[in-house]
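S.K.: Quick note, the sequences are listed as chains A and B, same order. Using the working numbering, read the first sequence as starting at -17 and increasing by one per residue. Using the working numbering, read the second sequence as starting at 150 and increasing by one per residue.
The hints are simulated quantities; they were obtained by calculation from the structure and are not laboratory data. Small disclaimer: the values here were computed from a predicted structure and weren't measured. Don't take every hint at face value.
[What the hints assert, rightly or not] In silico SDA-like links for lysine to any residue, alpha-carbon gap of 25 Å or less: (1) B:K247 - A:Y(-8); (2) A:K50 - B:E239; (3) B:K281 - A:N49; (4) A:K50 - B:G233; (5) A:K64 - A:V44; (6) A:K47 - B:G282; (7) A:K47 - B:N187.
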Amino acid sequence: MKGLIRNNFYSMENNIKISFVIALFLAVVSFFVKQEGFIQMIIAMQLSIFIVNVGTSLHADVVSKWNKFELTLPVKSNDIMKAKYISFAVLILLGIIMGSITAVYAYAANGFSNARSICYGYEFGLTLSAAMAGIMYPLMLKIGTEKNEIIMIVSAIAAVGLRALLSAVLTPLTGEMNMQHPLVGIVSAIVAAVIFIGSYFVSVKIYRHKEFS
Amino acid sequence: MSMALTITGLTKKYSNFMLDNISFSIPSGSIVGLIGENGAGKSTTVNSILGLIKKDSGSITILGHDTDDFDCAVKEKVGVVFDGSNFSEELTPIKLSKVLRDIYSSWDQSYYNSLLNQLDIPAAKKIKTFSKGMKMKLSIAAAFAHHPHLLILDEATSGLDPVVRDDILDMFLEFVQDEEHSILVSSHITSDLEKVADYIVFIHAGKIIFCSPKDELLEHYGMMKCGAAQFDAVEKNDIVAYRRQDYEWQILVADREKAAKKYPKAMITAVTIDEIMLLYVKGEKE
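Same shape as in the complex, but just chain B:
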C-alpha cells in the first residue's frame, strides 16, 4: 500500500508543551482524521508536516519526498486549508484566482469557477465582507482548484453550518474516490470524521493514544455502564478508561463483544468517537 504521508518519531519541544514521538501514516486513497482536545498537539503536528515550524527530531515524508528537502513540485500537489481565511481581506474570489493561477501551474480556473457556484460564494465581493463559513468555503474551493494529491485541513469544517459541512464532507469523499488522493483532516468535530474518515489518529497531551481504522473503533469499542459493585468486579485489564457520573460508572472497553460475554449483567453499548475521546481525556486509566 503506498503512503501519501508518513510521520515517524516526530518530536517538537516547547517550554510548556511537547509533541512526543508522533508516528502515523496516511494510505493513499484514504481520509485520516486527527482528533484531540484543544492544545493536544493537532495544529503542531499539521504545522510540522507543512514545515511551518521546525521539528526537533523525526522524519516526515509526503508523497514519497522527505519534507526536509521539500521542493515546489511536491508543494504543488499538496492543498492546505487552515481554520479561517488564509487570504488578504481586500481580495475578491476573482482576484484570488488571479493570484493563485500565477502560483500553481495546475490551477484549474473552470473548476474553481464551478466550485464558487456550487458553494454559493460571491465571486466579486471582497473577502472582508464574508462570514466565517463563507471564508472557509473559499479556502476549500481554492485548495481543490489546483488538483492536489494530498489535502491537509486544520479545523477546516469549524464555523460551517451543518448543511454546508455535509456538502464539503461529500466533496472529501468524492476527492478520495480514485484511491490516489488522500486527506488529513484535523478536527474536534468528531461527528464529521465519523462520517468520512477511514482512520482516526487520536492525539492527547502531545502523544498518540491510538491510530486505528474508524470502523474497527466503532465496531469494537464499547461503553459499559454499571454501579459501584459491578465496577469493582470488572478486571482492570478490561478497562481502557473510566469515569464516575453521579451513581453510574462509565467504563470504556476495547472489545465490547468479549466484555458482553464476560460481564453478562452489565449494559454495554456502542460508542461514538466523541465518547471515546471524552473518556480518554476526562476519564481515569487503570
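Looking at chain A on its own, in the form it has when it is part of the complex:
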C-alpha cells in the first residue's frame, strides 16, 4: 500500500505545490488583515485548498490508465481504495497544518480574543474538505472524470448545504438558525468525517463492480 500512496502523491505533486503556495499566500494575507471574519475564512480556505487535488488524482489515473493497471498489481482492491483515502486524509492534514500558521499568528497577535473565530475557521474548513472529498471521489469514480469541475462544484455546494441543513436541524438546541453556532460547527465537522469514512465503503463497492475495457 505504501507504493500506492507514494504514487498518489507523485501524480498530485505539482498541484500540491500550487496549493502550498496559495495556502502560504493566504497565511501572509492574514498577517495584515485584522478582521475576525477574514481570519476564519482564510483558515477555512487553507484547510480545503488541498482537497481539490482529489479530482486531479483520479484524472491522472484515468489519463495514464494507471487505474486499470493497478488492478493487475499484487494488491487488494480494498487496499487501492484505502491508499486513496489515506492520501486524501493527508491532504486534509496538510490543510490543517497550513491553517495553523494563520491560527498561531492570530493567537500571537491578539491572544484568545479571536479564539471563536479561529475555531469556526477550523470547523468550516474541516466540514468543507472532508465532505467534499467524501462526495466527490465516489461520484467521479462512478461517472468518470470528464465532468471533474462540475462534480467538484456540486460537492462544495453539498458541503456548505450540509452545514446549513444541520444549523436548521439543530435550531431547537441553538435557539435560532445560526451557521456560526459552535454546536453546528462541531456537529457539521463530525458528520463530514462520517461522510468521508462512509464514502470509502461506497468507493470500494463502486470499484469492485467497475469494468475496464
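Assemble chain B onto chain A, guided by the hints.
M.R.: Chain B in isolation, oriented as in the chain A frame:
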C-alpha cells in the same frame, strides 16, 4: 506438460459484441501470439484473463490458480504491459521504481536499472516527455523487473521502431529460455509473432478460428493462385478461405503439399501469418 495459462469456455457478452466460448492454453516455456483484427476480441480476452472485466462464464487458470480467487501471490508472478504507458505522466522512471518496489516483493532494482540502460530510457525525465515507443519500453522494463513467470502483453510492440522491436522480441525469447516462463502477446503485427511465437491463437469476431503451433501453420498452410476455371475445379473441401483479386483467385489451403499433388498445374506458395489472417477475415469460406 504444465500450463502457465488455461482458458476454458470463456464467454463475455456485450450489446454489440460477444466473446464466444474461448478456449486455449499456454504451455510453460512458450510464447503464444493472440492475433486478430481490431475489435476481434483480443483485448477483451486479455482483460478477462486479468480480471479487469467480469466474464459471463468459463474458467481461467493462471499458474495453477483459478482467477476467481486470484491472490496477491499469483499476481506477483504475472507481468502486464498494455498498449501505451500505464503510469502517471508526472513520474520519472526513478520515481516509478520507488512506487513499484514497495508493491512487488520480487522487485529487482539492479535489473530494472540495467534494463533502463539497455533500452536507453532516461531515468530522471518525466514520463510525459517520452515518445510512445519510449513509454512502451519503460512499461516492458517495469514488467520484467519483478521477474514474472507469465508475461501478458496487449499490443505491446505497437509504436516501437523496428530496431527496438527486434531488441524487445529478443528479450522475449531470452525470457522463455528456461522453459519456466511464458508469454501471451496480443498483437496485430504478425511479423513479430512469426519471429518469436510458438503458438498462434487466431481470434475473429469473438471466436477462436484456430489455435496451432506456428511452425505447423507456416509449414502446412499454402496459398493457391489460379484463374476462374481452375478455381471451379478445386474441391470445396480443400478450400479454407478464398478471395478474388481482379482476375486471380487466391485460395488458402490447409495442406499445401497435398494440394500441390492434387492440383499440379496450380501455383501454390507458402503463406505468412498475415496472409492467413487476411484470407480468413476478408475472404469467403466454402
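S.K.: Which hint numbers doesn't this structure obey?
M.R.: Checked against the structure, no hint fails, so every one of them is satisfied.
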